[in-house]
Structure formats: structure tokens, C-alpha cells
Amino acid sequence: MSKVWLGAFALATAYAAGPARIQFPTDIAAAGSFPAKWIAGSPSAMDNQDPPIQVHWYNPHTAILRENKAYNFEAAFMYLYFGNDRAILLDQGSTALPNFWPLRKTVDDAIASWCARNGRKFEDYELVLAFSHLHGDHWAAENQFVDRRHTRIMGLSLAQMVAFWGIEHYPEEQIAFDLGGRKLLIWGSPGHVDEEFAYYDTYTQILFTGDMFYRGRCYITYWDKWFASMQRLIRFVDTHPVKWVVGCHVEISRTGQDYTYGMTYQPDEAPVNMEVATLRRAFDVAKTITKPGIYFTGEVYLCNQTRGSITMDANPYAY
Amino acid sequence: MGSSSTAPCLGEADSATLDIRPRRRFRLSCRKESFVLKTAMFLFCAAFAGAEIRTNYEVAQPASGDLRFKWIYGSVCNALNRDPRVQVVMYNEDTYVMRQNIAVHHSAPFTYLLMGNSGALLIDTGATAEARYYPLRATVDALLKHWGDLRGKADLPLTVVLTSGENLYQNQGYAQFRGRPNTRLVPPDAAEIDLGGRVVTVIPTPGTHKDGVSFYDRYDGFLFTGDFVCPGRITIANDVDYLKSIARLRAFRDSHPVKWVMGGQIDMQFLPGVEYMRLITYKPMEHVLQLDPAVLDDAAATAERLKGKADVIIRAEFAMRNRVGPDFRKPGTREADLPPVPVVGMLR
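Protein chains in written order, with my numbering: chain P, 1 to 319; chain B, 1001 to 1348.
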């Protein structure tokens, strides 16, 4: 149902009189850039002077947001894609209260600036809130948007998430979602949890893999589901142009050092964006894994059925 | 109060008879007494102004003090934390407990300042070297100045000791005291540190650190044990040494009055047998700092069970690990004699 409704809405908007439509070509990846260094915490967290959320414009129609580690150590990355008719915000961070962590205001400011640049009316522009998966560090600030006009918000259960995209055969089915000339491809990607999606943006050719695959510790709760999701991702990158694979966190240094779960300072953090080759190498390693344990692919850690509360740290004082 | 007077002992108030006469009469009698008291205090102050006051730290029982409050325990967002960088609590007039703000360093360690007639002792120095983040030296200086003004003792010599020279959660603030005048920065090689009537015993306790040391303050009846025994993560570095040291500490406890075991950190929750994750910086349900001396028996028995094994055992007041990482857990670690814990959802 919702696909039909969305299609009708898109058509209606397309034919309505309005500003010139932006073209989002898909033949080559839209140009864009990542910052040389993201905000990555500070030696003393209470003395951190960075903004609560770093807003980086990857290109004029794509913003990437990062949560400050001094507000929450999860330091989640969030992706804000703009289309002619609506924007989508993938993930809503780890901190719920707006007076602690102003996601709504930051996103509204970003949308207002985009609308001003592109001749849209902020009041009429739609926002869609979706998230990668059902963990609290990916939707915590969702409630900051509940009273926002022209905003649709994904529900917090697998049934609601699947219905939100109109997916009938989860996780295999792939659907397309139109932001107005800019198309996203969405399909199920469970394994880290039961409820997770992968999001591919046809304009930037960025593949967002949530917590199922990112530069850090991929906590794999269900190996078989995760491996099947990896196979789906590999099939996808075999058949579609992918410029970058991005995740929700970075938990590793440029030299491969693991930043322990809970750290509030990552001075030599590796970049969030990964080459497709990183995904392929991880898949090659995954094919050899038969037992629970922690496996390093050279770029990411695959934590197969290890408890999330266990770290790789040893007792440095043992003698 | 002259040179032979005893220290004020708050515990004695417990045995004083309560005044249950009508409030009005009590007030009247108070007024009369207060005139006499005030005059006496004025004469006393006039006579002894600027003179040094000597305190007798030889007490029959541990001196009384107060820890009835909640430690600063972090905040949802570290960047918005407005708690003091060093929380200072006066246990009694001659004993101060300081806690490092958890938003400066996740270990939020405790340090102790003890005053005597001829010297002060700082046990442990916290986890951060930079004074602008963690002004331990300035805090200690202010406390010594204030205390010295009251007792007529300027420039009380300070000794700084560590429960372990290698423990990064307790040795970082040490750097702030380098070059401080009138200060002794030595690992104690003596069996005792005499602060002038207040004697602190040094007990070698290797086990969680090769150079581990505990301190016993007879005046308060405190055993300062760092991370050797604390309401938190006890990570054994050498189980043979740990067992020897805990036996030594128990023998010491049995022959000396010990009121509390005062560790250097808290990782446990108020719920028995539940620990906080190591790097979490918001701990609203922390265990209290002070432990009953009987905890040493539990620690000894637990260490005995862990001897030679790579494992974790979680007890009501501590989580002890041997030959595994500091975050090692496994299902079913909670012992059967601990009460059940309500299940709460994981974040990730």
C-alpha cells in the first residue's frame, strides 16, 4: 500500500508548480568528500569543546552527521540524504533528550540551509526518519521529531520497520524508495540483530551497512543470518556500482588498534568510509570461520557470537 | 586543648544522655551556658592564637567520621558534566577522601589525605596528569593550607605514596607533585610512616600489581588497599602472590582494629554481584566505597578458588578475575547465593 501511496505523492509533487527539479544522475557516483578527521573525543571528556553533532556536507545534497564522543561514546554516524521532495535521515543517534543532545535542531538547521540553497520551503519539505537497526544507539533521538510537521517516523519493531518500507519478503526482498529523483535501494541485512536494513543511495553510490558491517567490531549475534546477509551484500556489489561502504561507528585506529568499547577518545581513528575491497576481504575471511571467536580481517574485527561486553584487552599488569 | 588534650571523638556523643526536658527550659539553660562557653572560648583563642595545636592520635577505638552521602557518579553526557573535578569529602577533621570526576577519567579513582602533627600523607594520585583537567595538587594544597590555618601549622610536610607505582589509574597525578616544596615523593620502603603521633603502617600486598602496597591507619582504623581489595574489579596479576598477600592482610586485620577496607575504585553496582562495564561514565547505582573487613575473607576464599585458573568469579562486593582480561565475562557467572537481578535491555 505505502509504495502506491508514495508513488502517487511523488507524481503529484512532480507535476505541481515549484522550483527547478534537481537532477540526481546515477550513471556515475556523485562527487563528494569525507573530512580528513572527524571529531573523535578528547582526553578529558568534560573538557570537550566540540559541537554535540558534527555536520559534514559530503556534497551539496548529502550531509553526514557524527555524534560527539563526549556526549555518548557510541559516536554514531548518521546520514542525511536530500531529494527533490523529501529528505531521509538514517539513524538518530544514542542520546534521547534534546537539551542534552540537539539532533532535531541540528537536522532542522541542515534542512533549512539546504532548502534555502535550493529554493524549497522548509515548512513544506518532507522528512523521513528511518534507522539501520533496532538498537538504542541508532534511534534514541527519534522522539525529538514526533511533533515535527511533514515527518514520517519508522516504528520500533521488526513488523513496523518492514511495513514502513512495504517489504513482504524480509530480508531478501529489495525495494526502491524515491526521495524525489533520488532513489534508495533497501533490503534486509540481519545478523548483528534480527532487525536490520542495508541502504544504498543510487546518487552517491554509498552503501550503508549499519552495525552489520563497519570499521570496528562487527558483533555477530546470529552467524547464519549474518553470513547470508554478507552474501547478499557481495551479490549487490557484484551487480551495482558502489563507491563507498559506510557503517555507524568507527572503533579502530589507522594502525589497526582496537578502541575498547566505551572509550571516549580515539585520537588516531580510522575513516568511516571503506572500499568495496574491505567488504570482499571480510567475506573471504568469513568463509573460513567455523567457530565463535574474534577474527581480524586486516581492517575490521568479526566478533562471531562473542558477548558484546567482552573486550580484547588483556591485564597489562600480569606477571 | 593543650598539648596533652585528646582529639575530638565524635563517637562519644552517642553515649551522652539526651536532654528530654521541655524545649523552653532547655533553651534558657542553653543561653546561660553559651555565655560562659563563649567567654571561655574567647579567652582560649586569645591565649593560643597562632600557637601550634598538637593532637593526640592514640585512640582506643578507631576515630569516628562520616561517609553518609553519595559520590559524584558521572552524567548522561560527559561534555555537560558540571560536577567538581575533584570531589572532596571530610571524613573527620584529619582525614579527607577525594574522588576524581568520572567525566575526566572513566576509572574515577579515590585518593586519601591524612594529617598528623608533623606531616600529611597522600595515598594515591588519580588517573590524570594534567592539572587543568584534574587539579589534585591544588586541591591538596588548599586542604593543607586550610587545615594548617586551623591547627597553627604552616607548610606541613607532605608525603606522597602509591598503592602501586605501575597502576595507571593511580599514578598519573604523581607528576603534579614533582618539585613541590616540603614534599617527599618516595615509595615507602619503611614499615611505618610517622606523621607525628599518627602512625601509618605499610603492608606489602603484591598480587594485583607486582609492587602493590596497602596502608593501615590506626587512627581511623582504615586499610587502604587500592585495587587489591575494592568494591570493584579485582584483576589478579599473580595468583600465588595474591594469596600470600591476602593471608598477610587477614592476619594483620585479626591483630589490629580495622573499621573499614577503603579501596581505590568502585566498579560494582549497589545490587549485589553486578558490575558496571569498565569504561562506562554514568554510574548512578554505585556500590558504597567502604567495605567491612570481613570482605578480606571472601576475597581470600575467591582467590583460592581461582588459583591456577583462567576465570572470573563475581561476588556480592567485587568481581575477581585471574589470567583473563579485565572485561572477561561468561554466562552464569553470578553465584547461587546472590539474589536475582532484574533483567534490563542491552543497548547494542
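There could be a bad hint or two in this list.
Some chain P residues flagged as far from chain B (calculated, every beta-carbon gap over 10 Å) [to be verified]:
| hint | residue |
| --- | --- |
| 1 | ILE22 |
| 2 | THR95 |
| 3 | ARG117 |
| 4 | TYR222 |
| 5 | PHE227 |
| 6 | VAL237 |
| 7 | VAL242 |
| 8 | LYS287 |
Below, computed lysine-lysine pairings styled on DSSO-like, alpha-carbon distance capped at 27 Å [as the list claims (entries may be wrong)]:
| hint | chain 1 | residue 1 | chain 2 | residue 2 |
| --- | --- | --- | --- | --- |
| 9 | P | LYS37 | P | LYS105 |
| 10 | B | LYS1330 | B | LYS1309 |
| 11 | P | LYS121 | P | LYS105 |
| 12 | P | LYS225 | B | LYS1330 |
| 13 | B | LYS1330 | P | LYS291 |
| 14 | B | LYS1259 | B | LYS1070 |
| 15 | P | LYS243 | P | LYS291 |
| 16 | P | LYS291 | B | LYS1309 |
| 17 | B | LYS1244 | B | LYS1259 |
A short list of chain P residues far from chain B (calculated; beta carbon distances all over 12 Å) [said to hold, decoys possible]:
| hint | residue |
| --- | --- |
| 18 | PRO19 |
| 19 | ILE111 |
| 20 | ASN118 |
| 21 | LEU158 |
| 22 | GLY308 |
| 23 | ASP313 |
Quick caveat, the hints were computed from the structure, so don't treat them as lab data.
For glycine and all other residues, C-beta sits at the position ideal for the given N, C-alpha and C.
So, going through the hints one by one against the coordinates:
1. Here P:ILE22 stays apart from chain B, with its beta-carbon at least about 36 Å from theirs, past the 10 Å limit.
2. A Cβ of chain B approaches the Cβ of P:THR95 within 10 Å, the least distance being about 6 Å, so the stated non-interface status is violated.
3. Once the 10 Å rule is applied to beta carbons, P:ARG117 is consistent with being away from chain B; the minimum gap is 30 Å.
4. Consistency note on P:TYR222: stated as away from chain B, and its beta-carbon is indeed over 10 Å from all of that chain's, at 15 Å minimum.
5. Every Cβ of chain B is farther than 10 Å from the Cβ of P:PHE227; the closest lies at roughly 20 Å, confirming the non-interface assignment.
6. Listed as outside the interface, P:VAL237 is consistent with that label: its C-beta sits roughly 26 Å from the nearest C-beta of chain B, beyond the 10 Å cut-off.
7. Residue-level check passed: P:VAL242 sits 26 Å from the nearest beta carbon of chain B, beyond 10 Å.
8. With a least beta-carbon separation of about 26 Å from chain B, P:LYS287 lies farther than 10 Å from that chain, consistent with its non-interface assignment.
9. In summary, the hint linking P:LYS37 to P:LYS105 is supported, as the alpha carbons are separated by about 24 Å, within the 27 Å threshold.
10. Between B:LYS1330 and B:LYS1309, the direct Cα distance comes to roughly 14 Å. Compliance with the 27 Å bound is thereby established for this hinted pair.
11. Taken as a hint, the P:LYS121 and P:LYS105 pair is honoured in the structure, with Cα atoms around 17 Å apart against an allowance of 27 Å.
12. In summary, the hint linking P:LYS225 to B:LYS1330 is supported, as the alpha carbons are separated by about 23 Å, within the 27 Å threshold.
13. At roughly 17 Å between alpha-carbon atoms, B:LYS1330 and P:LYS291 fall within 27 Å of each other, so this suggested pair holds.
14. For the proposed pair B:LYS1259 and B:LYS1070, the alpha carbon gap of about 20 Å is at most 27 Å, so the pair holds.
15. Proposed proximity of P:LYS243 and P:LYS291 is contradicted: the alpha carbons are some 32 Å apart, above 27 Å.
16. Straight-line distance between C-alpha atoms of P:LYS291 and B:LYS1309 comes to about 23 Å, which keeps the hinted pair within the 27 Å bound.
17. Distance check on the hinted pair: B:LYS1244 and B:LYS1259 sit about 22 Å apart at the alpha-carbon level, within 27 Å; holds.
18. Distance check for P:PRO19 against chain B: the nearest CB is about 39 Å away, which clears 12 Å, and the non-interface claim stands.
19. Consistency note on P:ILE111: stated as away from chain B, and its beta-carbon is indeed over 12 Å from all of that chain's, at 24 Å minimum.
20. With a closest Cβ-Cβ approach of about 33 Å to chain B, P:ASN118 is found to remain outside the 12 Å limit, as its non-interface label requires.
21. No Cβ of chain B approaches the Cβ of P:LEU158 within 12 Å, the least distance being about 15 Å, so the stated non-interface status holds.
22. With a least CB separation of 6 Å from chain B, P:GLY308 falls inside the 12 Å interface cut-off, contrary to its annotation.
23. Separation of P:ASP313 from chain B is inadequate, the least Cβ-Cβ distance of about 5 Å not exceeding the 12 Å criterion.
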